[in-house]
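S.K.: Listed below are the residues making up each chain.
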Amino acid sequence: AQSVTQPDIHITVSEGASLELRCNYSYGATPYLFWYVQSPGQGLQLLLKYFSGDTLVQGIKGFEAEFKRSQSSFNLRKPSVHWSDAAEYFCAVGDPGGYNKLIFGAGTRLAVHP
Amino acid sequence: DGGITQSPKYLFRKEGQNVTLSCEQNLNHDAMYWYRQDPGQGLRLIYYSQIVNDFQKGDIAEGYSVSREKKESFPLTVTSAQKNPTAFYLCASSIVLAGNYEQYFGPGTRLTVT
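If you read the protein sequences in the order shown, they are chains A and B. So for the first sequence, the numbering used here puts the first residue at 1; every next one is plus one. So for the second sequence, the numbering used here puts the first residue at 1; every next one is plus one.
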């Protein structure tokens, strides 16, 4: 079965520092990959997605992610973190079993120090 | 504005009572989903529906029920059979199209059962 692993449960960075959130997936073919962000007590907002083509995808709020097939990874990056980026981040992969379902990772909670 | 509405934002119930969570969308999406979110566990799929009057069980459907009488609405009932109903519940919708996995999320309902 397909799965998504986010190895880091909690990450703390200083404001202005760079950020990389890790995501690994298990799937044989080219996956459909997503990063969502969730502010406390809110719903999820799509940051970016990868279906095919250029392996470096740009998203909203200055985020980008790189698909690396050889490492089964889709890590999220931001060159300079802002205090407003503090949130929980979820990586997800499209479930090829039908019904357009998503399989989510457990999430990474990001804290930003001033 | 197009979007997904979930009401109420906070819901409190006594143990043994059934409770229904509302989810309405005006995005004209055919597919709708219900997720449960617990700390450290990501999002787990409860039920999903791709068309009116049809729905399927997700990974954790026990103790829950849904209906899909209208395209815009997908209410979730948490029954007294659900052993641990206190959680954050998220509703989502998407376009039904081959290879489209992008889902749009509502703001969520936090249910507390005592």
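Don't take each hint at face value.
[To be verified] No farther apart than 25 Å at their CA atoms in a straight line, the calculated lysine to any residue pairs in the SDA-like style are these:
#, chain 1, residue 1, chain 2, residue 2
1, B, K70, A, Y99
2, B, K57, A, G98
3, A, K49, B, S7
4, A, K68, A, S18
5, A, K61, A, T108
6, A, K61, B, E62
7, A, K49, B, K70
8, B, K9, A, A87
9, B, K57, A, V112
10, B, K70, B, V113
11, B, K9, B, E62
12, A, K61, A, G98
13, A, K49, A, D8
14, A, K61, A, V112
15, B, K83, B, E62
16, A, K49, B, G2
17, B, K83, B, V113
18, A, K61, A, Y99
19, B, K9, A, S39
20, B, K9, A, S18
21, B, K71, A, S18
22, A, K61, B, G58
23, B, K57, A, D8
24, B, K71, B, V113
25, B, K70, A, G98
26, A, K49, B, G58
27, B, K70, B, Q6
28, A, K49, B, V113
29, B, K57, A, S18
30, A, K68, B, T5
31, A, K68, A, S84
Hints were generated in silico from the structure; no laboratory data involved.
S.K.: Taking each numbered hint in turn, which are not upheld by the structure, reported in ascending numerical order?
M.R.: 3, 6, 7, 9, 10, 12, 18, 20, 21, 22, 23, 24, 28, 29, 30, 31
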